[in-house]
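K.L.:
Line by line, the protein sequences are chains Z and B. Count along the first sequence starting at 1, add 583, and that's the number in the working numbering. Count along the second sequence starting at 1, add 583, and that's the number in the working numbering.
Derived by calculation from the structure, the hints in this document are not laboratory data. Backbone N, C-alpha and C fix where the C-beta goes; we use that ideal spot for every residue, glycine too. Some hints could be false.
Okay, derived cross-link-like pairs now, DSBU-like style, lysine-lysine, Cα gap no bigger than 35 Å in a straight line [what the hints assert, rightly or not]:
#1 Lys-614(B) / Lys-768(B)
#2 Lys-797(B) / Lys-658(Z)
#3 Lys-599(Z) / Lys-658(B)
#4 Lys-599(B) / Lys-658(Z)
#5 Lys-599(B) / Lys-600(Z)
#6 Lys-658(B) / Lys-591(Z)
#7 Lys-726(B) / Lys-614(Z)
#8 Lys-797(B) / Lys-614(Z)
#9 Lys-768(Z) / Lys-658(B)
#10 Lys-587(Z) / Lys-603(Z)
#11 Lys-726(Z) / Lys-614(B)
#12 Lys-587(B) / Lys-603(B)
#13 Lys-726(Z) / Lys-603(B)
#14 Lys-726(B) / Lys-797(Z)
If we take Cβ atoms under 10 Å as the criterion, some of the chain Z residues that face chain B in the derived model are [as the list claims (entries may be wrong)]:
#15 Ala-595
#16 Gly-597
#17 Ala-620
#18 Glu-621
#19 Asp-706
#20 Gln-711
#21 Gly-736
#22 Ser-808
#23 Ala-814
#24 Gly-816
#25 Leu-819
#26 Arg-823
There are 2 protein chains.
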Amino acid sequence: MISKNQLKLLRALGQKKQRKAHGLFLVQGEKNVLELAESNLTVQHIFATADFIAHNHNTLSRFECIEASLDDLTKASTLVSNNAAIAVVEIPTLTAPTAQGLMIALDGVQDPGNLGTIIRVADWYGIQHIVASTDCADPYNPKTISATMGSFGRVQVHQLDLPNYLEQSNLPVYGAFLEGVSVHKTEFAAEGILLMGSESHGVRAEAAKYVTDKITIPAFGGAESLNVAMATGIILDNIRRQNS
Amino acid sequence: MISKNQLKLLRALGQKKQRKAHGLFLVQGEKNVLELAESNLTVQHIFATADFIAHNHNTLSRFECIEASLDDLTKASTLVSNNAAIAVVEIPTLTAPTAQGLMIALDGVQDPGNLGTIIRVADWYGIQHIVASTDCADPYNPKTISATMGSFGRVQVHQLDLPNYLEQSNLPVYGAFLEGVSVHKTEFAAEGILLMGSESHGVRAEAAKYVTDKITIPAFGGAESLNVAMATGIILDNIRRQNS
Numbered sequence: 584m585i586s587k588n589q590l591k592l593l594r595a596l597g598q599k600k601q602r603k604a605h606g607l608f609l610v611q612g613e614k615n616v617l618e619l620a621e622s623n624l625t626v627q628h629i630f631a632t633a634d635f636i637a638h639n640h641n642t643l644s645r646f647e648c649i650e651a652s653l654d655d656l657t658k659a660s661t662l663v664s665n666n667a668a669i670a671v672v673e674i675p676t677l678t679a680p681t682a683q684g685l686m687i688a689l690d691g692v693q694d695p696g697n698l699g700t701i702i703r704v705a706d707w708y709g710i711q712h713i714v715a716s717t718d719c720a721d722p723y724n725p726k727t728i729s730a731t732m733g734s735f736g737r738v739q740v741h742q743l744d745l746p747n748y749l750e751q752s753n754l755p756v757y758g759a760f761l762e763g764v765s766v767h768k769t770e771f772a773a774e775g776i777l778l779m780g781s782e783s784h785g786v787r788a789e790a791a792k793y794v795t796d797k798i799t800i801p802a803f804g805g806a807e808s809l810n811v812a813m814a815t816g817i818i819l820d821n822i823r824r825q826n827s
Numbered sequence: 584m585i586s587k588n589q590l591k592l593l594r595a596l597g598q599k600k601q602r603k604a605h606g607l608f609l610v611q612g613e614k615n616v617l618e619l620a621e622s623n624l625t626v627q628h629i630f631a632t633a634d635f636i637a638h639n640h641n642t643l644s645r646f647e648c649i650e651a652s653l654d655d656l657t658k659a660s661t662l663v664s665n666n667a668a669i670a671v672v673e674i675p676t677l678t679a680p681t682a683q684g685l686m687i688a689l690d691g692v693q694d695p696g697n698l699g700t701i702i703r704v705a706d707w708y709g710i711q712h713i714v715a716s717t718d719c720a721d722p723y724n725p726k727t728i729s730a731t732m733g734s735f736g737r738v739q740v741h742q743l744d745l746p747n748y749l750e751q752s753n754l755p756v757y758g759a760f761l762e763g764v765s766v767h768k769t770e771f772a773a774e775g776i777l778l779m780g781s782e783s784h785g786v787r788a789e790a791a792k793y794v795t796d797k798i799t800i801p802a803f804g805g806a807e808s809l810n811v812a813m814a815t816g817i818i819l820d821n822i823r824r825q826n827s
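For reference, chain Z alone in the conformation it holds in the complex (with noise of 0.2 Å):
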């Protein structure tokens, strides 16, 4: 059963400003769960049905578990589908990623479900590091959680100075505008940081002066725009296309 105190702990994890003075975040549905499962996040405690608990017996058993029911896990959701399960799980203290090897950078992304996405596309490509300027949406915000479908156990995304990250990389930076380098026509290094910016603004100015190579996705039809995670997601295959 989820108590009034845990009931209230779980409303209050859904904003940002609670989830930083706990420390801690919600991890919401089956898959994203089980995945934690997988993960070397710290898990306080996790609320899912009997049914949930019974069938994934092995890979819950090092955590601790409470019951309850399917309504009442729902009631708590800070998400609109159905749980069987919500974890609440320590945000975990990180440093900042020494610079090597393929890394992203955002500059200013607020949507959180375009931050899950790019999360979940990191992962496809064996990305580990996400530089994240601070005014990006919130990597623990549970639409970003659940946007990574599981992949938020496995990509880092560090929120900090991003325009002082930048400067002190040794690495090219691969920044992408409207009016760059065709990524057809680009020779990537193997290890390089690629940024995006938002979709309204882009690239803004304080971060694109460490650009050291503009590129851009080809368009061939009308659209004058692609989302800014489905755009991580095409420059990402172009460059594991050259170094895999």
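Assemble chain B onto chain Z, guided by the hints.
P.N.:
For chain B alone, kept in the frame of chain Z given last:
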């Protein structure tokens, strides 16, 4: 002003059954309404703020515009965000396209947002025709239209008997599967049909039997799958880089 009857119609057009009965659909939001003016679609009338009408006088001159307050438009809208304009548009009568050029076929893609994103990326890559199984999301669902970011005016979506269509086509059918040949190593013909299944079920057997080439996006990390719209975009990029 939006009359009571007009408001009733706008609300009704949020539902598929009512769209079908009236032969009408909604185009909402500034960008999408302005894209209408460039399309061949037949517009019944446009509800818009005085500001929006004044600013876009030339573009909108051939349409019947009805002035309304932002408040009334927001109340009338089926979308959450504010709306400076809502257009009532006739659903066009389409004839199934001859299989030629590069096309997309969708098998059971049921999320309207995904369908809209696929329409947008199809437009980016210069594709004019999408054929979709009858159980795909409605191309005239307000969420679909909104996600196309204006591309609904340049890409036609034909709902039809998909296996039957694929059977009669003489083009290669590139089917996306988790266990196909890497798109980085596939030689694509200039003309062909890219067949995408739903995220949950993939391409179903009835359509799969017409696939001439099973293809896949190579994975480099831990994610198990990609969103269907993302996968469509990445594969289209791989096809167009060979045939541009």
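K.L.:
For every hint, state whether the structure bears it out.
P.N.:
Evaluation of the provided hints:
1. Lys-614(B) / Lys-768(B): At roughly 38 Å apart (the allowed maximum being 35 Å), Lys-768(B) and Lys-614(B) break the hint.
2. Lys-797(B) / Lys-658(Z): Distance of about 43 Å is beyond 35 Å: violated.
3. Lys-599(Z) / Lys-658(B): Judged against 35 Å, a Cα distance of about 29 Å means the pair holds.
4. Lys-599(B) / Lys-658(Z): With Cα atoms ~29 Å apart, Lys-599(B) and Lys-658(Z) stay inside 35 Å; holds.
5. Lys-599(B) / Lys-600(Z): Violated, because 40 Å separates the two Cα atoms, which is more than 35 Å.
6. Lys-658(B) / Lys-591(Z): Holds: Lys-658(B) and Lys-591(Z) sit about 32 Å apart, inside 35 Å.
7. Lys-726(B) / Lys-614(Z): Distance ~26 Å between Lys-726(B) and Lys-614(Z) Cα, so the pair holds.
8. Lys-797(B) / Lys-614(Z): This hinted pair holds, its Cα atoms lying about 27 Å apart.
9. Lys-768(Z) / Lys-658(B): violated (48 Å)
10. Lys-587(Z) / Lys-603(Z): holds (21 Å)
11. Lys-726(Z) / Lys-614(B): Since the Cα atoms of Lys-726(Z) and Lys-614(B) sit roughly 26 Å apart, the hinted pair holds (cutoff 35 Å).
12. Lys-587(B) / Lys-603(B): holds (21 Å)
13. Lys-726(Z) / Lys-603(B): holds (33 Å)
14. Lys-726(B) / Lys-797(Z): Given that 35 Å is the threshold and the Cα spacing comes to 33 Å, the pair holds.
15. Ala-595: At about 24 Å, which exceeds the 10 Å cut-off, the nearest Cβ of chain B leaves the hint on Ala-595(Z) violated.
16. Gly-597: The hint is violated - Gly-597(Z) has no Cβ within 10 Å of chain B, the shortest such distance being about 17 Å.
17. Ala-620: violated (14 Å)
18. Glu-621: holds (8 Å)
19. Asp-706: Since chain B brings a Cβ to about 4 Å from Asp-706(Z), closer than 10 Å, the hint holds.
20. Gln-711: OK, holds: Gln-711(Z) within 10 Å of chain B, min 8 Å.
21. Gly-736: Status holds, d = 8 Å.
22. Ser-808: holds (7 Å)
23. Ala-814: holds (8 Å)
24. Gly-816: Holds, because the Cβ-Cβ distance from Gly-816(Z) to chain B comes to roughly 5 Å (cut-off 10 Å).
25. Leu-819: holds (9 Å)
26. Arg-823: Arg-823(Z) check passes; min Cβ-Cβ to chain B is 6 Å, inside 10 Å.
This entry does not satisfy hints 1, 2, 5, 9, 15, 16, 17, going by the numbered hints stated previously.
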